[in-house]
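*Asks:* Below are the chains, spelled out letter by letter.
Number of protein chains: 2
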Amino acid sequence: MAQAKPTSSRTKTTTTTKKVAVIGFGNIGTGVVKLLYEKGIAGLELVKVVDIDIKRKRPVTLPASYLNTDWKATVSDPGVDIVVEVIGGIEPAKSILLAALNHGKDVVTANKMLLAHEGQSIFRLASTRQRRIGFRASFVGAHQLIHEFRQTGIAAKKFKRIYAILNGTCNYILSTMTREGEGFGEALSEAQAKGYAESDPSDDIDGVDTANKIRILLALISNSYHMVAPFPVEGIRDIALQDIQYATELDYAVKLIGVIEQNDGIFNVSVHPALVPRASLLGSLTGAYNGIELEDEYGTVSGLVAPGAGTYPTADAVIKDLLDIAEDRTMVMPKSAGALTLGPPEAIERRYYLRFSVVDQAGVLARISNIFWKYDISIAAVIQKETTSKEFVPLVITTHLAKEGDLQAAIDEVDKLEVVKARTKIIRILNANT
Amino acid sequence: MAQAKPTSSRTKTTTTTKKVAVIGFGNIGTGVVKLLYEKGIAGLELVKVVDIDIKRKRPVTLPASYLNTDWKATVSDPGVDIVVEVIGGIEPAKSILLAALNHGKDVVTANKMLLAHEGQSIFRLASTRQRRIGFRASFVGAHQLIHEFRQTGIAAKKFKRIYAILNGTCNYILSTMTREGEGFGEALSEAQAKGYAESDPSDDIDGVDTANKIRILLALISNSYHMVAPFPVEGIRDIALQDIQYATELDYAVKLIGVIEQNDGIFNVSVHPALVPRASLLGSLTGAYNGIELEDEYGTVSGLVAPGAGTYPTADAVIKDLLDIAEDRTMVMPKSAGALTLGPPEAIERRYYLRFSVVDQAGVLARISNIFWKYDISIAAVIQKETTSKEFVPLVITTHLAKEGDLQAAIDEVDKLEVVKARTKIIRILNANT
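Top line first, the protein sequences correspond to chains A and B.
Under our numbering, the first residue of the first sequence carries the number 69, and numbering increases by one thereafter.
Under our numbering, the first residue of the second sequence carries the number 69, and numbering increases by one thereafter.
These are computed hints drawn from the structure, not numbers from a lab.
These figures come from a predicted structure and were not determined experimentally.
Heads up, some of the hints might be wrong.
Identical chains share a label here; the pair holds if one copy fits it or two copies do between them.
[Claimed, not checked] With a Cα cut of at most 25 Å, we get these calculated PhoX-like pairs of lysine-lysine:
| # | residue 1 | residue 2 |
| --- | --- | --- |
| 1 | K388 | K403 |
| 2 | K125 | K140 |
| 3 | K493 | K228 |
| 4 | K493 | K123 |
| 5 | K102 | K489 |
| 6 | K102 | K86 |
| 7 | K140 | K87 |
| 8 | K228 | K388 |
| 9 | K107 | K228 |
| 10 | K102 | K228 |
| 11 | K403 | K86 |
Here chain A stands alone, though its shape is the one from the complex:
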């Protein structure tokens, strides 16, 4: 009888408790400390908590012996097995992670900005030192996707596309504009008042946060810590209420979408507002949720919806990473230095929503459609409403598939027409289809 040998990873059980230091005692740090210290998690023992301010009162009370202000001593402490970094920002977070890895610690981080920008040095050092990095918490809403890509590498799973809503602030603002008929500024103020947007909301509303998460996702997909070259990123500041209203009339919702498309190893990557079908998983996602739609190489589409942020979801993601390390499970992290190939944005074929600001006179539509004809851009739908405005009127056109380069050239030409009174608003249409 053929008798295979048992393999180690399956029969292994946790025999020692891992000693955990948490660096950063803000909201997320407090959530992690609460779980580790108050609730208690088998296999994990909190031993140190570091913050520049250890006097302030927190919702969890720790004996003074746990607290210190010296991260350097902590990351080199032989009594610490795993370092959790939840302070955010680039420095000293980067130095903390590199020092911890150099001292042979495994690390867990919630810092998406750091990984998106400095992931190369951090993941490379982890690979070299054979240490682990847990980073579920760096994109909470999408962390289950890490598992989906466990086996990926580009070779194993030639997915076709990922469309993702990865920023709860933007989704909250766009949902509010749609539901309440409010303008961008008003919806932003409301989001700030309710704690869904920071007082400086730029990183969220300009698409930077979404782009950071897309970078981390790409590193996972490609199994490479070579961070991808810059790609087009556009935020939601310029989305007008009337665009949302026209979109609704056309049965679309306006969402900020992170796009990763792949065709034969060539990637299209971008972040921009898009019209997605209202009844789709992404189109129907409201509030501060995140959502992801993935189409695999066979055309099979699956989707995922999860809270985008929040203290407990983030702290919970940190704990999951700690447990993966404590129980010696296979972890997913980018381990090679191969670079992704991005295709030229001009060659991408999309459908477009276009809102022209034109004078209300004969021949306008003819002039615009002649230019479209020249660039071989075919019109799918037109909305022009009767109006009493003397200034200019909105003319909304959706196109069939057109090359980005052609579309931009056509719009440049249209915008030079004297009957066109303002820069044409361009929003891409994505056919999300769950």
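With chain A's structure known, arrange chain B on it following the hints.
*Replies:* Frame of chain A, contents of chain B only:
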């Protein structure tokens, strides 16, 4: 400097190719063979394909040397490392898996009926023999959830509830009834014509298939191969078009839902049609898709949508399991014998949709509401429409939270009133909330 030792599972790379035998050369088997033989997957080599009929023409052509009809010789062949069972049904599938495990093979199966009914002996043998069972394909639409529960065990993650649409046939029928205004019979015939329902659709429409998947999910959640005691299962045969129409009017959709709720280690488990908010992830899921909504112990809700079946999604799930084995990754399988504790169904508190068939005369509503008062059941909404029918009229009531036992007792009493002319239709309301 503290220098942790590198751990084995992280640094391991695949050095040998695993030899795979596929037993069952039907649709799924053909999909798996296409991927392994035509496309080729690094680390996996197809060596045998077994079927009782090896003469029939398939969409993939294999050299005759691969094919045989003798599963017994195949599962004991020292040249086979992993046995894939994709024949379905209880026997000989059960004997094949047990024999393969006894011969030291790892196994992969797509057979949810087998695991739901005979999982105990199969998982126990795998534990004893330290072999692996891959069974993602046994609940394709939900297989990402396996990862979510990798770390679970009941102790690690006290989730509150899972509501899941796990049967594409039922979801297709209910969606069609809703969209087209068709009755159950007509929608079923359409589903059969389009290949979404079997000629004998009982397992699907009576909730058996959903219940099988819920059993497997419970085994994962509890990390126990002690299969759970029988729980209430109700299908969709008795859903009338008018119930769907009233639900729509109340802003709900009718869906067949698998329910797992947990409170302090006591589980409520059931499968039944339910009204879920139309705009929720589950309520908006149409067609043959599967969807799952999970609420964790902090009240955080996440959701997952994926195709419920189909040759390629299933074959893809089989390949993922094979890769987990080939690359020696931690796999998830129930490994203990502990039993789950189910709570008494009468104690469950739910909201209810009730459709009474009453004569159109004074005092009917008073008599029904007096009975409700007696059982302390509070009414949330009432719909009664003017009618010209002389027979009886529908009276629809939704309740606030009420104990299942009280509700059943109240309805038993109502149904004995002489003004009530048919058995009252009871559908539970679930507040899915993504």
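*Asks:* Which of the listed hints are broken here?
*Replies:* Result: hints 3, 4 and 5 break, sorted rising.
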